[in-house]
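These protein sequence lines are chains W and E, in that order.
Residue 268, in this note's numbering, is where the first sequence stops; the numbers in between run on with no holes.
Residue 272, in this note's numbering, is where the second sequence stops; the numbers in between run on with no holes.
Source of the hints: derived by calculation from the structure; they are not laboratory data.
Only true hints are included.
Calculated pairs, EDC-like style, for lysine to aspartate or glutamate (alpha carbon to alpha carbon, straight line, at most 20 Å): (1) E:K261 - W:D139; (2) W:K190 - W:D227; (3) W:K222 - W:E245; (4) W:K100 - W:E131; (5) W:K10 - W:E37; (6) W:K138 - E:D165; (7) W:K100 - E:D165; (8) W:K190 - W:E37; (9) W:K109 - W:E78.
Here the structure is a predicted model, which is why all the values come from computation and not from measurement.
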Amino acid sequence: MVTNLSSHIKISSVNKVFNTADKEVIALHDINLDIPEGQFVCLLGPSGCGKSTLLNAIAGFALPSSGTIIANGEEVKEPGPDRGMVFQEYALFPWMTVEKNISFGLEIKGFKKTDIEQRVSHLLQMLGLSEFRLRYPKDLSGGMRQRVAIARVLALDSPIMLMDEPFGALDALTRRNLQDELLRIWSELKKTIIFVTHSIEEAIYMADRVIVMTYRPGTVKKDILIDLPRLRDPSAIAFNALKRELGQLVMEEQQRHHNEELKLAVVD
Amino acid sequence: MTLKWREMASGLVVPIVLIAIWQGATSMDWVNPQVLPSPWAVLKKWLEYASPMTPYDAAAGSWWAWALSGELLRDTMGTMYRVMVGFVVGAGLALPLGLVMGSSARVYAWFNPLLQVLRPIPPIAYIPLSILWFGLGNPPAIFLISIGAFFPVLMNTIAGVHHVDNIYIRAARNLGASQSTMFLRVMLPAAVPYILSGVRIGIGTAFIVVIVSEMIAVNNGLGFRILEAREYFWSDKIIAGMISIGILGLVIDVAMNQLNKYLLRWHRGLDN
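Please model the complete structure; the sequences and the hints are all you need to start from.
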């Protein structure tokens, strides 16, 4: 295994084509990205721009039609615990308690019982979940569930965290709360994070680097570093300048998306 | 709490009125007591049916054995035994087959056509064959009951596995779950709500089939007893037996409900 220190995730000429009944959809076209270790990257774009497709390709759920993805020094062939995923729908196992959800991955890895207990109680504490240890997911709010999902991925200590619109279903206050929490955890644990969102503000608030993607075919429209100091103030002038710039780029793609849909409606 | 008592009390009104009409009709001699005995006669018969047939004799055995030696209790235990054994055999075969059929399209394709042909055959239609194969007594009864339990559990288990939300599979793969872990700790528990509703239907069917099979192939049990009572024209015993069957069915249902509640304590839909 060769570990390339300069790029933790290397995406080279990745294409992804979906074949539907009547046509081919090019979801990703010639994506090339180098993501260094510890970087917080946001993939930003309207729905249909392939950002989730790219994330799923990195996760190994749906491999690219061509091109390669190297993560942790190895080519991605299948899903694995070295690339922990946080889903928008939480995807907690409802039949397991909070504690069991978090320990499941460790049990799979074959950790010793005492180690599991120690690690889980540490994570429960870190995410403010200690009181909910024995609850089932159905008894938790959306924000609490997403904390559990984050803890479940952190338990594996995977160097890469993939997040698919993780806070998309939460109300604005809970969302900000979890964003700050995630930033705190990230600065403490130095993970490489790829975070999919369609919220421009969220991308600027969170990321070291924002990658704006185009609507079909999905390509990199803009790759921009955000060097504002954290915690960022969404009402600051520099923040708003970025918001305007990225907002314009995203809206162009949103407009294309809209036009495309209109065209299809007319054809039908 | 007071509301609950009031609800229960209001639920007693209709039965009490009906029993009063029934008692009235029989005491006024409106009906032939051979055809419809009075509720009082039924109760007396039921108590007699439930009590030991011989006076207590310390030499013959312990007090408990004597107290439980009544005909009703022995019949009930016989019926329960057949339901349980038949159900365990039927469900015990259906569950693994359902899990495998649900998760493997190939195995599903092997078995499904045959099962679709066999499934509509009511378990009762197997009676002649079961007697030819197994003679009389418990074996044919257990065979019939297990058929009654088999299909509901099988069908629901298959449906349960088919309906496992893909998101759980993805999450488990992401955590690095092996095939066996995926099967035992993700697909099986995710399918449990479906499986349990199959179990419930299966127990219900088993209970119907046990009564029928006792009427035909067995020499004890609640089903046998009410048919035997008809031969002697003991209508009070027929009704007492039917009430016992009803109570046993209710007990089974309540027990199943409790089991459901416990096993599905994590489940969203069961929050009351």
